[in-house]
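Trainee: Since the structure of chain A is provided, determine the placement of chain B on it from the hints.
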Amino acid sequence: MKPYAYLLAGWLFPGLGHLLQKKFWRGAIFLLAILAMMGMGLAMGGKIYPLYLEKPQTVLEIVTNLFKKENPLTLLAFFADLGNLLIYALSRFLSFGLGALERATFEFGTAYVAGAGLLNYLIALDAFDVARGKKK
Amino acid sequence: MIIYAFFVSVVLAPIRRNEPKSQIKYGLSLFLIMVIGGLAFGWLMFLFAR
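In order, the protein sequences belong to chains A and B.
Take the first sequence: its position 42, counted from the start at 1, is 42 in the numbering used here, and no numbers get skipped.
For the numbering used here, count along the second sequence from 1 and bump the result up by 136.
Derived from the structure by calculation, the hints contain no laboratory data.
Positions of the beta carbon are idealized from the N, C-alpha and C atoms, including for glycine.
Do not take every clue at face value.
With beta-carbon atoms standing in for the labels, derived distance ranges [to be verified]:
#, chain 1, residue 1, chain 2, residue 2, range
1, B, Asn154, A, Ser95, 36 to 44 Å
2, B, Phe184, A, Leu32, 36 to 44 Å
3, A, Glu107, B, Ser165, 24 to 32 Å
4, A, Ala36, B, Ser165, 17 to 25 Å
5, A, Leu94, B, Leu180, 39 to 47 Å
6, A, Ala36, B, Pro156, 16 to 24 Å
One chain only, chain A, in its complex shape (with noise of 0.2 Å):
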């Protein structure tokens, strides 16, 4: 149970799988990794993408819907950006992240976005091998 907590939480927060687990060096570089590259790509104007759902009633029309409303790229930025599970709700709650797709950074710090949460999930999924033993 407490290595999946331990992937949740790095989930959750980049880096707080590790500082949970006292390696504060490694959780230190992350989190501040992580944070400057989010910061970076929204200060350039950079997009969090929503998934875009009409109402939906059933689990299968989600699905269904998915594939056919939704631009697949869009679709793949929105996985990308859920990486930081706590950035990506809060941005939803506090309206950040909307993209500036008039200024000329858009495409960088969307790119940015997306990355700092693709590389949370290998952060998140570092921290559950460690909580494993696999690594130190």
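Mentor: Only chain B this time, still in chain A's reference frame:
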């Protein structure tokens, strides 16, 4: 691109290696591969530009 490569290297090096010396070596080589590779690929794409 260089800043992006830096952050990716900083994150991947501690994940892939355990000892500090090998982490630095791995991170540095990863950074150089990404930067040089990116520049090389950019020039390659230039051949197909109008």
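Trainee: Determine for every hint whether it applies to the structure shown.
Mentor: The hints, checked one at a time:
no.	hint	in the structure
1	B/Asn154 / A/Ser95: 36 to 44 Å	holds (41 Å)
2	B/Phe184 / A/Leu32: 36 to 44 Å	holds (39 Å)
3	A/Glu107 / B/Ser165: 24 to 32 Å	holds (28 Å)
4	A/Ala36 / B/Ser165: 17 to 25 Å	holds (22 Å)
5	A/Leu94 / B/Leu180: 39 to 47 Å	holds (42 Å)
6	A/Ala36 / B/Pro156: 16 to 24 Å	holds (21 Å)
Taken one by one, the earlier hints all hold for this structure without exception.
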